[in-house]
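Chains E and B are the protein sequences, given in the same order.
The opening residue of the first sequence carries number 1 in the numbering used here; numbering runs sequentially from there.
The opening residue of the second sequence carries number 1 in the numbering used here; numbering runs sequentially from there.
Since the hints were made in silico from the structure, they are not lab data.
Any given hint could be a false lead.
Simulated DEER-style distance windows between Cβ atoms [unchecked claim]: (1) B:E49 / E:S8: 53 to 63 Å; (2) E:A12 / B:W113: 21 to 31 Å; (3) B:A8 / E:L13: 16 to 26 Å; (4) E:S8 / B:R82: 44 to 54 Å; (5) E:I14 / B:P445: 33 to 43 Å; (6) E:S22 / B:K11: 21 to 31 Å; (7) E:S8 / B:K319: 27 to 37 Å.
All residues carry an ideal CB built from backbone N, CA and C; glycine is no exception.
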Amino acid sequence: MSAPQRSSTPTALIVIAWLLVSIPLVYGLVRTIITAAPLFTGG
Amino acid sequence: MAVPGFLAREKIIAKPGFNRWLIPPAALAVHLCIGQAYATSVYKTALVEHFDASLTSIGVVFSIAIVMLGLSAAVFGTWVDRNGPRAAMFTAACFWSVGFLVGAAGIATNQLWLLYLGYGVLGGIGLGIGYISPVSTLIKWFPDRPGLATGMAIMGFGGGALIATPLSRQLMSFYDPAYDGTAATTPSGGAVAGLFVTLGLVYLAYMMFGAFIVRVPADGWVPDGFDPSTVKQKALVTTDSVSAANAIKTPQFWLLWVVLFCNVTAGIGILEQASPMIQDFFREGDASTVAAAAGAGFVGLLSLFNMAGRFVWSSTSDKIGRKPIYMVYLGVGLLLYVALATVGASATWLFVVLAAVIISFYGGGFATIPAYLRDLFGTFQVGAIHGRLLTAWSAAGVAGPLIVNGVLDTQGTPGELVAADYRIALFIMVGLLAVGFVANLLVKPVDAKWHEKKSATTTTPERSAAR
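Can you make the complete structure from the sequences, with help from the hints?
Shown next, in the form of C-alpha cells:
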C-alpha cells in the first residue's frame, strides 16, 4: 500500500496572501484613526 | 446550473498537507471588497447634486443593493453550497465589478436607472453571493474554531468600509482636483464615475485572487488533534445534519431570523444617523459642540468597532457558546441603549463609548450567526441556510432607517434636533432588542425528525497535517 501523496502550501504564498489583505486594512485603520482624532482632541 | 470545469468544487479539493491558514485571506479578499457597501455615504452628496435628485432617491440605490443581497443569498445559497467557494467567489466578483461599471455608465450618461440596475441590482447580487461564498468553507476548515473563522471573514465586510471610505476620497480628489476630500467641497459626477470604474477593476482583481487560492477540505477531513466527538459535549451543538429545505421549517431558524432582524435593526438605528446624531446630542442653541469633521470621525470610529466586534465577539463565542453571547449582544445592548437615551448626552466620551460598544455587538451578531447555524443544523448545507437567514438583514435594512427617520420626522427638522428628540427611536430599539433577547432564550436543539439520514452526509474521516 503506498503512502498518500502529500503536498505542502508554500509559505511564501501564505505570507503574500496575508500581506495582500493586511496592507489595505492597515491603511484603512490608520486613516480612520486620523479622522477620528478630533473627537477626542476637540480639534 | 453547471459551472465551467476550472470553477468546479472537485477541482479545488485540497491535497493532504494543505495549510488551512490560506483560506482566511481568500475569504478576506472577497469580504474586504464587498464591504464597500458600507461606504456609500462618501459620494452620496455628489450623486444628489449630479443627478439633481433627492437624498431619498439616491439612498434607494443602497436599499436595492441590501435587498438584493438578502434575496440572492437566499436564492443562490444552495447553488453556492453545491458548486463550492471558487465558483461563488468568481461569480460574485463578476457581478460586483460589472455592477460598478454599469453604475459608472449610469453616472456618466446621467441615467439614474442605470445606477439602480448596476450598483443596486447587479452589485447587490454580487454582495449576496460574495457574502456567503466563503462561510461554509471556513466552517469546514475550522471545525475546532468556527466562530473565529467566520469572524475573520465577516470582519472583512466591516473592514471594507474602513478602506473604501478614505480610498474613495483620495481617488475622487485625484479625478476632480477641485475636491479636497472634506465636506466643504463636493466631487463632480465625473469623479464618482471614475471612482466606480477604478473600484470595479481593483475589486475584480482582488476577488479573483481569493477565488483562485481558495480550497475545500476533502470529505471527512479534520484538523490534527481535533476530536469531533468533543463538539457534541456542548449544549445546542449537533453532529447531525439538517438540509436547508428542512431548516426553514424549524422554529429554531425563525427564532434566529428574529434575533438577527432585531440586532441588525437596532444597530442600523445608530449607523444610519451616526454623524448628525452625535452633533444633535451635543447641540447648544443653533450650534453643536461637535464639529462636522468630528462627526465624520465618529462614523469612522463606529466602522472600526463594527469590524473589531465581528472578530472579537465571534471568537469569544467559541469559548462561551453561541446562545450566551447573543444574550450579551441583546441584553447588554438593551441596557446600553437605555443608557444612551437617558444619560448619553451628558458627555461626548460617554456617548462615543456607548455607541461604539453597541456597534461592536451589531457586528458580532452578524459574524456569530453562521457558527450558531452550524451548531444547530450541522455543516451539511450551512451556507444555504445562512443565505436564507440573511433575508432578515434585508428586512432590517428597510425597517431600521424607516423607524429612525420616521420618528425623527415627527420630532423636528434636521439640523435643529436635540438629544431628547431621539429618545422615542432609541426606546423602540430597546423594545426590539428585548424581543430578540426572548427569541434567543427560546432556542432549543433541533428535533431529530429534521436530521438527514447518516449515510447521506457522512464519510470516513481523513486526517491531514494541516495546521
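*Is it true that S8 of chain E and K319 of chain B lie within 27 to 37 Å of each other by Cβ?*
Holds, at about 31 Å.
*Take the C-beta atom of A8 of chain B and the C-beta atom of L13 of chain E, compute their distance, and say whether it sits inside 16 to 26 Å.*
holds, 22 Å
*asked:* Tell me if the beta carbons of S8 of chain E and R82 of chain B are separated by a distance inside 44 to 54 Å.
replied: violated, 29 Å
*Note whether the CB distance of S22 of chain E and K11 of chain B lies within 21 to 31 Å or breaks it.*
holds, 28 Å
*Between E49 of chain B and S8 of chain E, does the beta-carbon spacing fit 53 to 63 Å?*
holds, 55 Å
*Quick one: are I14 of chain E and P445 of chain B within 33 to 43 Å, going by C-beta?*
For I14 of chain E and P445 of chain B the Cβ distance comes to about 38 Å; the hint holds.
*Does the Cβ pair A12 of chain E, W113 of chain B satisfy 21 to 31 Å?*
violated, 47 Å
Going down the numbered hints, you'll see the structure goes against 2 and 4, while the others check out.
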